[in-house]
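For the protein sequence lines, the chains are G and Z, in the order given.
Going by my numbering, the first residue of the first sequence is number 1, and it counts up by one from there.
Going by my numbering, the first residue of the second sequence is number 1, and it counts up by one from there.
I should point out that these hints are in silico values taken from the structure, not numbers from a laboratory.
There may be inaccurate statements among the hints.
[Said to hold, decoys possible] Computed list of lysine-lysine pairs in DSS-like fashion (alpha-carbon distance at most 30 Å, straight line):
hint, chain 1, residue 1, chain 2, residue 2
1, G, 197, Z, 21
2, Z, 552, Z, 477
3, Z, 477, Z, 551
4, G, 197, Z, 16
5, Z, 477, Z, 21
6, Z, 552, Z, 16
Computed from a predicted structure; not experimentally measured.
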Amino acid sequence: MATMFTSTKPLTKSGIGGGPKRGGPNGNGSPKRNGHGRGFSDLQSSANRYRIGMWVALASILMMFTALSSAYIVRAASANDWQPLRMPRIVLLSTALIIISSGTLEVARRRLKEAANAHRRWLLMTVVLGIGFLLSQLLAWRQLVRQGVYVASNPHSSFFYLLTAAHGAHLLGGLAALAYLSLRRSVPRDNELAVAKAQAGADAVTLYWHFMDFLWLYLFVLLFFVR
Amino acid sequence: MSGETHEAVHRHEAPKSFIRKYIFSLDHKVIGIQYIILALAAVLVGMTMSVLMRLKLSWPGTSWSILGTLFPHGAPGGVMNPEFYLSLVTMHGTIMVFFVLTTAPQGGFGNYFLPIQIGAEDMAFPFLNMMSFWVTLVGFIVILAAIFVEGNTTIANSVGAALGGASGSTVGPIGGWTGYAPLSAVGLPAGPGQGAGMNLWIVSIAIFCVGSLLGALNFITTLLNMRTRGMQLMRMPLTCWAWFTTAVLALLSFPVLLGGGILLLLDRTVGTSFFVPGGLVFGSSVLTTHTGGSPILWQHLFWFFGHPEVYIAILPGMGATSHILSTFARKPVFGYRAMVFAIFAIGLLGFFVWGHHMFISGMSPYSAMTFSILTLSIGVPSAVKTFNWLGTLWGARIRFTTPMLFAIGFVSLFVAGGITGLVLGQTSLDLPMHDTYFVPAHFHLVMGVASIFGMFAATYFWFPKMFGRFMNERLGKLHFWITFVGVYCIFVPMHTMGMVGMPRRYAQFTEYRWLDTLHPLVVFVSIAAIITVLTQIVFYFNLVWSVFKGKKAGQNPWEATTLEWTTTSPPPHDNFAGVLPVVYRGPYEFAVPGAVKDFTMQTEPEASEVAVTEGVGGNGHDVHKH
């Protein structure tokens with residue numbers, strides 16, 4: 001049975017374009033690998049979509065901030081009206097808060113695997129630190145406003161308000177996701193799919209939060225040390 | 001066997017209520033059809049606008065009384081104002097590029113067929129998928145609002161005034177689909193259409209960006225994560241590769257437009273100076289509110305998005321064409337692997353050529369040369385694709401159905417439109433051609449009409465799967481021939497006009513006596529355009545009529561090989577009635593030597609494999625079922 005079809009037969013069609021060849025340029029994978037196109041179980045695969053989706057989403061967010069950064073660099077060089085801002089001191093506090101929040105969230109993510117509810121305390125701590133970060137950013141805006149520096153005052157202040165607002169809006173989304181994670185009911189341990197999905201969801205949110213952390217560090221350096 | 005029963009238990013039930021089933025549906029098939037309906041509505045608006053433009057260009061002084069009634073300020077006495085014409089240009093371009101060429105190929109057919117072709121039950125994130133459509137629809141409503149806010153005096157004076165000021169004499173903003181700063185960035189002082197109309201334009205584009213990003217996220221994740229057993233990457237139909245690459249392009253280019261749009265909106269509303277330089281003079285007054293901005297910066301941001309966008313429009317058409325050519329030539333796609341790499345190469349190079357839109361905006365000759373060389377190098381993968389299409393057709397016994405005709409038409413238009421890209425891609429040749437009719441002629445053929453031909457082919461090809469009935473062949477062929485001849489009659493003469501030096505975006509040429517000799521050609525183009533547009537009525541009629549009265553089609557009416565043809569027409573809610581297919585071979589196995597039929601479905605196991613899987617106890621799926 002097997003040999004009947006795998007034996008080489010003379011091609012009935014020739015010339016340009018040829019005929020279809022078995023396992024040839026069509027990229028037909030070898031039969032051995034059939035049924036194993038994916039290297040992990042269906043369970044993991046189903047949950048993995050959250051991780052993949054998050055990486056894809058981050059690529060798009062990264063592109064937006066890349067575009068704004070290149071606008072920043074081009075605009076800084078395009079005219080001599082650029083007046084560098086004095087850094088509002090409270091921005092240092094923001095930076096500290098968000099770095100710590102990444103740590104607490106990482107602890108929470110690792111605790112999720114262990115006993116139920118052990119991670120909730122750490123999640124809550126992250127939410128508080130995240131809110132603290134946003135409040136601290138708002139205070140930085142207040143400080144600038146008190147100095148009479150508004151969005152349209154000069155190009156650097158325009159970019160400062162724009163970039164902090166864009167980052168803050170994204171972080172707000174992260175906070176909503178964290179709130180969802182901490183309020184979510186625990187999944188029953190015996191439901192493997194639900195457990196895998198819960199872990200993947202937590203991984204995705206953590207990834208997002210770390211990304212926002214690094215994004216802020218990058219913006220911090222860009223805004224106040226690159227000029 | 002156990003695997004199958006497991007799947008069957010998890011089978012998703014179709015929603016019962018009308019609203020969840022047809023309006024706020026999570027089903028990728030319904031969302032796909034919603035996208036297609038959106039595109040069919042948007043293209044009517046866009047086509048009407050192009051006819052109005054042709055009327056103005058060919059018969060500039062003629063009074064069209066209905067326009068005088070509808071737009072007493074834009075077309076007083078029925079004669080269109082130049083501003084009215086310019087806003088038509090803008091809205092035609094914006095609506096066609098965003099709401100037709102981006103929605104139908106990707107959001108429409110991609111949504112409907114990508115999950116089925118890779119053997120998935122639905123998209124990875126059905127909720128995001130639904131959101132992507134509804135967000136896009138809001139974007140469309142906002143751009144339509146610009147027509148009313150700028151075109152209707154009553155609305156202009158109430159709503160328009162509140163949204164930034166409106167003149168009532170246009171049908172939207174003026175600035176082309178590229179919305180170049182500083183014209184677009186300073187607001188009302190810049191003239192009619194620059195207040196409320198431009199604000200709505202930017203907001204609409206920003207909303208559209210968000211919708212597209214949600215879609216792209218879904219496409220990429222679905223394709224990477226949800227392929228069925230045996231569906232290795234190199235076994236995917238070329239349509240899936242095209243949709244995937246398109247999604248990657250959208251994912252990486254739309255955020256840049258979104259960022260640029262936010263900057264533009266801030267310039268207009270908050271008074272920042274990202275794009276507006278100091279010392280601009282409008283009428284007799286100097287603009288003192290802005291200093292130091294860079295208009296070129298907007299062009300860079302816009303075209304970094306804008307160039308990948310043209311590939312977002314055409315790549316799905318390429319995928320559909322490859323798929324359809326192979327099916328009706330009854331031959332495998334010539335050089336499948338080369339086709340995949342060519343799609344990738346086109347997508348990748350598409351990110352590094354945006355500067356060729358800006359050769360005369362002022363750039364270093366060295367960067368211009370770099371952009372030029374990169375641009376011309378896109379000709380290589382494009383030629384690979386063209387030769388492979390021809391190779392697929394070579395020596396075939398072609399079945400000349402309507403979808404096949406449109407697919408061959410796609411190849412013809414892609415070559416005809418692409419060849420002039422080699423002219424525009426070279427700095428020295430681009431300088432005299434820039435902003436002449438040569439440019440619209442080029443991009444309409446290659447990205448406009450070719451993409452649409454790809455979508456016509458897709459419509460005629462997949463209609464039996466989507467509705468269980470064929471579209472009428474006789475009407476389809478009539479539609480094809482008139483449209484095919486018509487678009488060449490429209491756009492080939494435009495190349496000539498461009499070479500003579502006729503500038504684009506001018507409302508009328510009565511003051512330019514040296515262009516008088518071209519006027520008969522202008523009239524000829526307009527007549528061809530009107531006939532071609534009217535022919536589309538045949539298509540719309542065929543579409544609606546066939547849903548109800550078309551000839552019944554079975555599961556696999558075209559004798560094709562890919563997974564969408566293994567399920568019923570139309571497919572059930574979860575696509576494969578609870579049993580996901582298993583894939584054993586590549587997508588285009590036509591005329592396999594030694595095979596029983598001239599086509600071998602992807603789900604048919606290799607004879608050797610049957611023995612192997614039986615020997616080792618199988619992989620949980622009963623292969624004999626397929």
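Hint-by-hint comparison with the structure:
1. Between the alpha carbons of residue 197 of chain G and residue 21 of chain Z the distance comes to roughly 26 Å, so the proposed pair stays at or under 30 Å and holds.
2. Distance hint between residue 552 of chain Z and residue 477 of chain Z is fulfilled; the C-alpha atoms sit about 19 Å from each other, no more than 30 Å.
3. Proposed proximity of residue 477 of chain Z and residue 551 of chain Z is supported: the alpha carbons are some 16 Å apart, at most 30 Å.
4. This hinted pair checks out: residue 197 of chain G and residue 16 of chain Z have alpha carbons roughly 27 Å apart, not beyond 30 Å.
5. For the proposed pair residue 477 of chain Z and residue 21 of chain Z, the alpha carbon gap of about 34 Å is over 30 Å, so the pair is violated.
6. Proposed proximity of residue 552 of chain Z and residue 16 of chain Z is supported: the alpha carbons are some 26 Å apart, at most 30 Å.
This entry does not satisfy hint 5, going by the numbered hints stated previously; all others are met.
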